[in-house]
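Residues per chain are reported as follows:
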Amino acid sequence: MRRLGLRRLGQYVLVFGVAVTLNFLLPRIMPGNPLALIAGVDVGLMTPDERAELIEQVGLNRPLIVQYFEYWKSILTGDFGFSYRSSRPISEIIAERLPWTLLITGAALVVSAVVGIIVGAFSAWRRGKKSDLTLLTGMISLESLPSFWLGMLLISIFSVQLGWLPSFGAVTPASDLTGWAQVGDVVEHAVLPTVTLTVLSIPGVYLTMRYAMLEVLGEDFIRTARAKGASERRVLFGHVARNAMAPVVTFLAIRFAFSFGGAVIIETVFSYPGLGRLIFEAVSGRDYPVMQAAFLVITIAVLVANLFADIIYPILDPRSQEE
Amino acid sequence: MTITYPDSTSDRTGGAGSVRAPLLDISNLAVRFETPDRDVWAVNGIDLEVGAGEVLALVGESGSGKSVSMLSVMGLVPTPPAVVSGSIRFDGQELSGLSKREFSAIRGGDIGMVFQDPMSSLNPVHPVGKQIAEAFRLHRDTNRKEAMKRAVDLLDRVGIPNAQRRARDYPHEFSGGMRQRAMIAMALVCDPKLLIADEPTTALDVTVQRQIVSLVEELKDELGMAVVWITHDLGVVAELADRVVVMYGGRVMETGDSTDVYAAASHPYTAGLLRSIPSLDTPTDAQLPEIPGTPAPILEQLVGCPFHARCPMTEGDCTGSLPDLEPVGGSGHASACLHVSSMGSAEDLWPMDVTELTESGSTSETVVTISDLKVHFPSRRKSRKNRHSYVRAVDGVDLEIKHGQTLGVVGESGCGKSTLGRALVGLVEPVAPAIQLRGEPLDTSRGLHRQKIQMIFQDPFSSMNPGMRVADIISEPMRIHGIGSAEDRLDTSLKLLAQVGLPDDAATRHPHEFSGGQRQRIAIARALAADPEVIVCDEPVSALDVSVQAQIINLLRETQDERGIALIFIAHDLAVVRHISDEIAVMYLGQVVERAKRDLIYDDPLHPYTKALLAAVPDPDPSGRGALAPPLVGDLPDPADPPAGCRFNTRCPVAVPGLCDVEVPQLREIESRRWVSCHLVDGPGGQVSEPQAGSEAWSSVSLSEPKQQNNEREEDE
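Chains A and B are the protein sequences, given in the same order.
Numbered according to our numbering, the first sequence spans residues 36 to 358.
Numbered according to our numbering, the second sequence spans residues 162 to 878.
Looking at chain B on its own, in the form it has when it is part of the complex:
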């Protein structure tokens, strides 16, 4: 079965395309990993084409086979243990069965690849420029000097300031965003026809993610290359992709032009993903629709639809026959579902739970008061100016957290939000006592306040002792604080397990037997065990598969509703906190720059930084293209040496020289329970007063990287 894709170059890429043979043509690709314990069927017969100059988004969760199939194209899947079959044709050449040497000629030459984690994907012992030059020298007959010049040119092109000098730096001297730019430079050094980007922005901040997406968009037009963008997040690529392929369980579930797939998802899985991802538009008063269960590895040959166990439309035949892609509608839109014709609207299939949360447990009683919280760490970096420099991780924060309510804390990595959370549970010591629990100074000694404030960590894989059984993990807080007898504690643990939706027999198992989502449920149970008043959630869903995030967010909301717990929900992404928060504090370089009721923050953000964060949220709606503001420029300044005046002035598009870089703005309460620290905000309903007003100013200001900016502008208009 093959679907012929009509030329899908949209009007947007304008002119880049005409009718052409596919550049990459994968047919019936299957990859199986054989290990002594078990076989994992990672890719189970997929067909996929990428045209020259086309941008294909390959979307799926962990274990969907999206990365493995693209690594097979690169010959980077280790055989053994992998067994690869099927045909991969690139630019008219059959790649399967090539020798190692022949593959080396194509890798990095005509196909460039960018990987997920820029922190670990560059060799720490070689300078960045040398690593890029190496890629050039491997494929071109050139000398060291010319290769270095080429590397510097490319570093400059991908937006590294002072490229000549920075090329001599080592990777650890680059920020995350800069490293990913360097990775892109390395992939592009030989003018590839195809760029494979494997989750290139997943490890980055949303603001930096926007920069990288824009950069790739610009470069592919300039170089006329095709791009396969692998991602788990439908939102990221909505504005970039011409065509989307959705994978699950090593099969293609749905494919089509991105406008068709986003607007009229024809597969229950795609529809579910689109519905369950928290976005800026989903209503906040109802529960998010959940896709039940978790993605599981396929351990034997597929005989039915891999999604059947989690699908609301499953019927008897779904387990017995493997659905192939069948066209739905025109222009190459196809879906692999036996019951595609009977699928109703996505809203009916994945309904929102309309039973509104009562918030009965919520009172206006203040549980935690934070006043002028400062947490400073001795700086490891040398500073000539002052001998004792400090990283001001949190630098003067005032907040209150109310009973049964959720405070969302948002900002880029390095803004101090996690340190704030740690200070609350006593993991780090503030400069001076600044936290009060119900009017008493916070005492983190055992048995006192530490019991009342619990924490849920980001990574459910490393935040649990692998040697302990689940029941012991959950009951440990009770044991530490001397609550109940051993039987009581076991009893409570079992009750908590049921409450977070895990079976009784989970109690005697070890953490490694659970998926990420299940472990995060265990973490919630552990946090509840000591019967706390406050739970600090530090990015509790960002390490989870997208289809599981909604489950955890809903569980946290329900728990809060039942017990009246105050939550501090820390996240880097405004879309995630929106669904659960009552109030939101936006942090930048250790300080709160804006704080208000949730709806005010989203409907009427005042601080330029809040606006920038909102603009950076990926929107899974390609029709919204062009309306987006330009990405925030540059990286977070060094927290050990924050800029003078307003800390945001170096990246602010509306900063007024002589004011913003001189005077420190105060966090002012401009109306009841609405604070902002910006010189340019007047008052209630007031907008940025100078130089122009509001959002228009935001999208038409001139940013400091002119080259990138110009291209950006053309795209936008």
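For reference, chain A alone in the conformation it holds in the complex:
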């Protein structure tokens, strides 16, 4: 198991290496001046001397292989260069933005997982009955909602009409809150984006769980459980649910990585200062170095989510340990 686990870990390292390599190559093989993409400057406005100095500074005049190793060195030391727009180190900007995204996507993931699994299990239990069909129809309609529309709807209800919750930002600016008041302020700001993300990911969890449960219900060992006298509820929660969890965990891992990117729209709608909003700002300001760093962070998030699923999977299904 441990040996095979190392092999699996090696695969992750390999994927990470490929991602970093692509990130290194892309600005260098894309049309246009790589200087603009790497240093994040408007090349047209510079004098030839300034340009030469900058090329020397970012190392574009050195052999590609040297640049490649330099790039690796900077990635591993957390040095992503400077933002073209704000002239601050990108690592600093990301360190500032990442926690906010983690807060809302993480909270949304946990809540949607719990709700989706429970409601999905309930639906499978009542399969074919009215409550199941109502839930199924409701979830499918929910899944087809556009995220920005749902966000704006929530803002117009809870911020504009009812005035209960703030509609933008992560904290109240210049409020100097401390202790619990600060925590409350953060929570208040996180509620609407989190609810939006949650509502959007519940249907997927629900559908996966319901389908997996129905699949497992047809298995021979479910008949065995009934034959030994287990009640319907015991069959469902003692034998079906555990087996149905494995595909749900896979789905959640994919969903987590996806919501990192999906947060671009939500964070923009709520002016939430997370990674998604950063990407939006970088795209609109043509801040290439920031975009690249953000993409790398998303790649890492995808890898971590998958690694997490890989670790949980054998616990849920002991058979997969042998593979």
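Keep in mind the hints are simulated off the structure, nothing from the lab.
C-beta: ideal position from N, C-alpha, C; glycine also.
One or more hints might be untrue.
BS3-like mimics (lysine-lysine), calculated; alpha carbons at most 27 Å apart, straight line [said to hold, decoys possible]:
hint : chain 1 : residue 1 : chain 2 : residue 2
1    : A       : Lys165    : B       : Lys261
2    : B       : Lys261    : A       : Lys164
3    : B       : Lys563    : B       : Lys291
4    : B       : Lys613    : B       : Lys563
5    : B       : Lys310    : B       : Lys291
6    : B       : Lys535    : B       : Lys291
A partial selection of chain B residues facing chain A, derived with a Cβ cut-off under 7 Å [to be verified]:
hint : residue
7    : Arg268
8    : Asp278
9    : Asn284
10   : Val286
11   : Ala296
12   : Tyr331
13   : Val815
14   : Pro818
15   : Leu820
Derived DEER-like restraints, expressed as beta-carbon distance ranges [said to hold, decoys possible]:
hint : chain 1 : residue 1 : chain 2 : residue 2 : range
16   : A       : Gly141    : B       : Arg670    : 50 to 60 Å
17   : B       : Asn626    : A       : Glu250    : 19 to 29 Å
18   : B       : Lys261    : A       : Tyr246    : 19 to 29 Å
19   : B       : Asp478    : A       : Lys165    : 43 to 53 Å
20   : A       : Val318    : B       : Arg305    : 56 to 66 Å
21   : A       : Glu250    : B       : Lys656    : 36 to 46 Å
Position chain B against the provided structure of chain A, taking the given hints into account.
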């Protein structure tokens, strides 16, 4: 109409029985499945009684209603879509109409059930012991610890070594036979009065099947429980059952004491089944008698005998009136046939085709030569000893296959017989080139030898692309190898369809419209399409209904006779290959342990493993009881780590310590065309030289599971 069954406890169960009220009393049970497309009348009014401590064999093919009727007893038939009517009384209590909760109390409590496929019948995510303990806790007021102790006790009782430790293992860490033992432990954990076993050995090897039959036989005497053993194979239960009920089309065809039914079948269907099953006694020079057609689902209310379409005695009234069970002879023997009185002997009714096969196509020309074939797969299992361990699926096999002849390859699952077949058609790569076709090294590139060696697979349901039409399926090999024009290919396909006994209009239909037997005919046509010299048949009949197996075996024989094709017939069962093979190779853990002309293998087997396989073949003759050797103990060792010395020594009843577990026996040609690899076999006609001679040694050796062994011995003597 009710038949009263006199107390049928035979002398064999000795003392267990006296006159008693039936434990299970089913009357006029009917089950119908209603779906939007069609209704299936699965059970059509059956009466059935099981006495306390009695063993009832419920025999039938797929769709006979045997499983459905017993699942109804357990309340495990889903309603809807099923509609169940009739009365089921168990131990004085009426079961039909019980609420779900009330049923749960009986299921797993007083009635235990064991299912067919032990691979899928245990929950993969819970340890085995926990699953058994759960069954105990559902019915007894007890705590987790005590329930676990009970589970371990039972695992020990059903013959799981190291039960304490193995109880914590997950099902996938158990072998098939062990899983079925665990299933039996689970069914018995609450001391049930009735055990329902639904084809419990069908998915297992013959050797393991013998172990399970013996185990149940032993346990039912010990616990005094009644057993309903559902099976499609009359042979399996011959030695176990007190009474037999034969079902077909949801009706009881025949019932009676097993000695009466086996010796004097009074229904044409039972007689046909008994005649058509390949056994160790049927003559080999004639065709097996066939029951024509296939069992079909009943789609409307029965008004006549469900068997009439396949019966050689059908007369006008058979379609118009539903025959009831009428007594024939004494002691509860009854038969549901309108013409039971005019039925002649089974031999006349289901005659063997005496036109002897000419074997004209057979010459002594060698088509395929296999020398030192090795196929190794990287082992997935961790091994501390060596980092790169391999499963030696086939490990040094030499064989020749002659023109127009059949080589039977036999062994338990995991012995490498299927891998051997796959290597022949190039589906797996041998370690080094080892196969020659007519003297040339086998080249599996397209258009070359792959065309000359075709294959028929075990499962006709999954080995055909469901999206293709039958004509395309059959002509695909010709298309791949570029034979003929499109018209030629269609023409050939139609000819082949006729040859395998299917109508022309089959060509435009899809595989799902055919029964298993018909699909296997399509598979034969597909294999013939490329005009091969060799066909590898990998268990071609084991997925088929028993009444259909004879048809396919006969068809293969006829085809071979006409075309002079060499066949490699792979099977786990010596009875099936006997009828078709000229020569037989017995494999164990990737090696051939004995190889000889067919009759030598069956009349004078030399290798202890061959003897064990022969002893494990179910014999549909209850009078032969007691003559059987004890079952082979244990499971096949791990092929990635075979035992030292003779690979069979760990399970061999005559192994000599210091010789068999040290020295590797060579496959020796002890007389012309007769090979065996055993230290203890001397030579021609020679028997096991040490410690005692021959079959006597086999049945009196002490095996390594003393508890089971002792009971076994008492039974035998």
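Practice task
Provide an ascending list of the numbers of those earlier hints which the structure does not satisfy.
Solution key: Going through the list in order, the structure violates hints 3, 6, 13, 14 and 15 and respects the others.
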